[in-house]
Amino acid sequence: MSGTETVLSAKGLVMRFGGITATDNVSLDLKRGARHALIGPNGAGKTTLINLLTGVLTPTAGRIELLGQDITTLAPHQRVARGLVRTFQINQLFDSMTPLQTLALVVSQQRGLGAQWWRPLGASKAVVDRASELLEQFHLADVAEQPVKHLAYGKRRLLEIAIALACEPRVLLLDEPVAGVPAGEREELLQTVAALPADVSVLLIEHDMDLVFSFADRMTVLVNGALLTEGDPETIANDPKVKEVYLGHGAAHG
Amino acid sequence: MWIVAFALPALVPSHALLVNEIVIVALFAMSLDLILGYTGIVSLGHAAFFGFGAYAAALFAKLVMPDPTVGLVVATVLTGALGAVASITILRGTDLTRLMVTLGTALLLLELANKLDWLTGGADGLQGVVMAPVLGQFEFDLFGKTAAWYSLAVTLILFFLMRRLVHSPFGATLKAIRDNRLRAMAIGIPVASRLVTIYTVAAAVAGAAGALLAQTTGFASLDVLAFDRSADVMLLLVIGGVGWLYGGIAGAIVFKLLQTWLSSVTPQYWMFWIGLLLVLLVLVGRDRLFKPRTWLRKT
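Residue numbers (our numbering), protein chains in the order written: chain A, 417 to 670; chain B, 264 to 562.
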């Protein structure tokens, strides 16, 4: 359950592309250990908001704080080093490596060994141990030595999330984690999402309302780049404004 | 393999110069592999660094001091510095824009070397480079035995260093950038700084290769900067295979031997055969090229 300490805080974010306002004065607070869902119809500005939070875009106005520090102008990799990590809706993997190599690399980078050039990757036992632990946790141990490009889609999806977790996030942005996963491999993925460390704050962007309502303890609804409403799942499910936007989806699951 | 290489100049002294040439080209190819094979940065102007290293070493020997080891280090460091500056041009953009700017950089240097003829000798080349003995002990001889051993020793050391580098966490971050730059950034890799570093290293190694050529031949001319050289090295890397350092070595051996053999058999048409080999290589695939049974099977 969520604590009281605010880990990630976005205040009055505005993003304009020319005459188009993609993000319109959005504010968002994530408490420690939050399970927060961000929903909204296509074109609501969810992707832009993620890009602002992760540093791909710099907001036209507004401010982003991570653990009380202003990170509004930091580069993406600097935010990762401070614990703000994302996964991708479309898998972004290192196809020429194996899952073991991938995770050893990510753990090395996370522990500040990424510039080390004299010792082989995997020379540090601590790094390999952590990588193996993640492989177990994400049901990847049996394919640890296979090239990533040959993995089944469900395994690739698991690796996608394992990479993010290997970055030791304080805040994890999960972008549609079950998108495109076939039914047979879905359960494995849902389990790992449910088993994410309790002290990591998670912002879930998802269209799958089953997952959203089973996972989230707080929800934000975005429409046309602006905040429509925010509240606990029950309030959101019964909100007539949300029902209007989500006619069909929201009504069916409310 | 390295032992055989070191034995060659003694076993076939008449071909010591060819061995020297192959070794230098192999080193040059490996330096390109660092950026092309391991980091995914294409370059059609890598000869810029090779040539700069060659001229730097030749001028250093002529104007400052003739000691080859010092000259090699100076040329390598200077070329590395040039690489660091030039790396700014490859940080952004696509493969196509990189091909253009790297090509442009090389052409720029070529034209500079041509115009500054008071310094470089222009189109006549920089002549009269006399080297002192290696480490004060080994005189460069006419047959190129010392030259071959000197180049082999330098290449072996640099090969060892590069192999450490590509298998390290640093090397893994380069491959991550090659495989998926977006994700590399999203796991906290400072992509721009990695690119600057590896481009600098690759330039320095290419500079060392160029310096070896100038020192062992006692000569530097405009062709060290020429477009052909950039294209050839990419070609032989494709022949040998990108993304593993031995690919550069294998490519250099195959390419140089073919070039030597074909140009003595059919002086005018050797490029045709190289071209044919390349087409076959791409159509059939390197793995299958040497297993004729598999040629007709579908992949």
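Treat the hints as calculated values from the structure; they're not laboratory data.
Backbone N, C-alpha and C fix where the C-beta goes; we use that ideal spot for every residue, glycine too.
Hints are supplied without guarantee of correctness; some may be wrong.
Computed footprint of chain B on chain A, listed as stretches where at least three residues anywhere in the stretch have a Cβ under 8 Å from a Cβ of chain B [stated by the list, open to error]:
hint	region
1	591-603
2	616-623
Ranges between beta-carbon positions, derived for each pair [claimed, not checked]:
hint	chain 1	residue 1	chain 2	residue 2	range
3	A	474	B	386	17 to 27 Å
4	B	395	A	531	47 to 57 Å
5	A	539	B	420	16 to 26 Å
Covered by chain A, per the in silico footprint, the following chain B stretches (three or more residues, Cβ under 8 Å) [to be verified]:
hint	region
6	353-365
7	423-430
8	452-465
Going through the hints against the structure:
1. 591-603: violated (count 0)
2. 616-623: violated (count 0)
3. A:474 <-> B:386: 17 to 27 Å: 51 Å, violated
4. B:395 <-> A:531: 47 to 57 Å: 38 Å, violated
5. A:539 <-> B:420: 16 to 26 Å: With a Cβ separation near 21 Å, residue 539 of chain A and residue 420 of chain B satisfy 16 to 26 Å, so the hint holds.
6. 353-365: violated (count 0)
7. 423-430: With 3 residues closer than 8 Å to chain A, the region 423-430 of chain B meets the three-residue bar; holds.
8. 452-465: holds (count 3)
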